[in-house]
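Student: Listed below are the residues making up each chain.
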Amino acid sequence: MRFSEALGRQVVSTSTAETVGVVDEFVVDPRRRAVVALSLKKTDGGDTLLWTDIAAFGSDAVTVTSADKIVAAAPAIIALSGKDHRLVGRRVLTSSGDDIGTVDDVEFDADTGAITSLLLAAGDVAGARLVGVGSYAVVVRAK
Amino acid sequence: MRLMRASEIVKRPVVTMRGEDVAQVKDIVYAAAGGAVAGFTLAGRGMFAGPLKLGLTWRAVAALGAEAVMITDESVFEPTEAVLSDAASGRAGGNVLGSQVLTDAGVDLGKVIDVIVAVGDTVGGQCDVVGYEIEASAALGTKGTKLLIPLPDTIAASASHLVVPASAQGFVAHDLAGFGAAVLAFRAQLEGGG
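Line by line, the protein sequences give chains A and B. In this text, residue positions in the first sequence follow this note's numbering: the first is 1, and each later residue adds one. In this text, residue positions in the second sequence follow this note's numbering: the first is 144, and each later residue adds one.
These are calculated hints, taken from the structure and not from any lab test. Hints are not guaranteed to be accurate.
Ranges of calculated distance between the beta carbons of each label pair, as one might list FRET restraints [stated by the list, open to error]: (1) A:2 with B:209: 41 to 51 Å; (2) A:82 with B:154: 24 to 34 Å; (3) A:19 with B:193: 50 to 60 Å; (4) B:154 with A:89: 37 to 47 Å.
Chain B stretches covered by chain A per the calculated footprint, using a threshold of three residues with CB under 8 Å from any CB of chain A [as the list claims (entries may be wrong)]: (5) 154-164; (6) 206-212.
Values in this document were obtained by computation on a predicted structure and should not be read as measured data. All residues carry an ideal CB built from backbone N, CA and C; glycine is no exception.
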């Protein structure tokens with residue numbers, strides 16, 4: 001699944017069938033090369049849904065067992081959030097110091113949260129090559 | 144082998160593998176013999192612009208690319224004095240800009256306007272000074288054109304002159320694309336012919 005498809009998706013509680021939030025942003029841990037949490041908007045309190053608290057990342061909605069899975073962001077999540085840690089729209093540098101373009105979109109595994117590839121105009125970069133995401137650039141291992 | 148003009152390396156950002164631009168190249172520090180890059184002095188980025196007291200030795204550089212100087216993290220920085228102590232004292236390298244390039248046969252080839260360095264593909268390889276960009280003299284054809292002239296491993300240099308083997312004249316190039324091959328051919332010829 002792509003980030004662009006998943007943004008704006010409703011988060012639905014399976015116990016109440018209510019919409020408890022909307023996917024606003026992906027929180028990625030570059031060391032684990034995976035989505036570790038979702039930042040949500042339109043919630044009743046709290047803005048973070050940890051990946052491990054998701055019941056299912058379906059093609060039409062994200063489900064959770066209850067609205068209390070949506071919590072305030074822990075410091076570890078805050079450290080990985082914000083525009084400096086976003087992938088889409090960012091400059092991509094290889095570990096050899098070359099600019100290879102901009103991240104257009106990100107493909108991830110809806111079951112595990114693993115980043116499978118970064119989509120660039122110049123071609124896809126395997127998620128396994130992700131090294132770091134910082135304020136200047138997304139760094140990927142040179143081939 | 145990848146070639147770069149020294150002037151293009153100046154101001155290039157220094158980026159950690161975590162994607163943070165923690166400094167930028169202020170000046171290139173050449174090794175004592177002037178034949179290789181010993182490291183860089185650094186300046187801050189953005190609102191922290193201005194010289195830093197920290198420098199980067201070449202062996203701490205993970206990679207030098209077209210866009211950035213890559214390092215593992217800020218822990219590889221060393222005090223600027225430590226980087227400078229590895230460096231040239233008025234010899235070839237730092238102060239060659241404007242120097243006159245003479246062949247050992249006494250022909251003036253022109254004035255140095257840039258230094259060409261080569262970066263190997265292997266991490267930890269040398270950053271070799273392989274040539275100069277010169278503003279050509281009449282001896283090299285059209286006076287005032289920019290040409291690239293290959294250098295041997297070591298050259299004789301003073302504050303005002305740099306002396307290269309006369310055969311270097313046969314290996315000049317007009318752009319970086321063809322210059323790598325010219326440097327290799329020139330050095331092979333020096334080793335072979337003596």
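Student: Which of the stated hints cannot be reconciled with the structure, identified by number in ascending sequence?
Tutor: 1, 4
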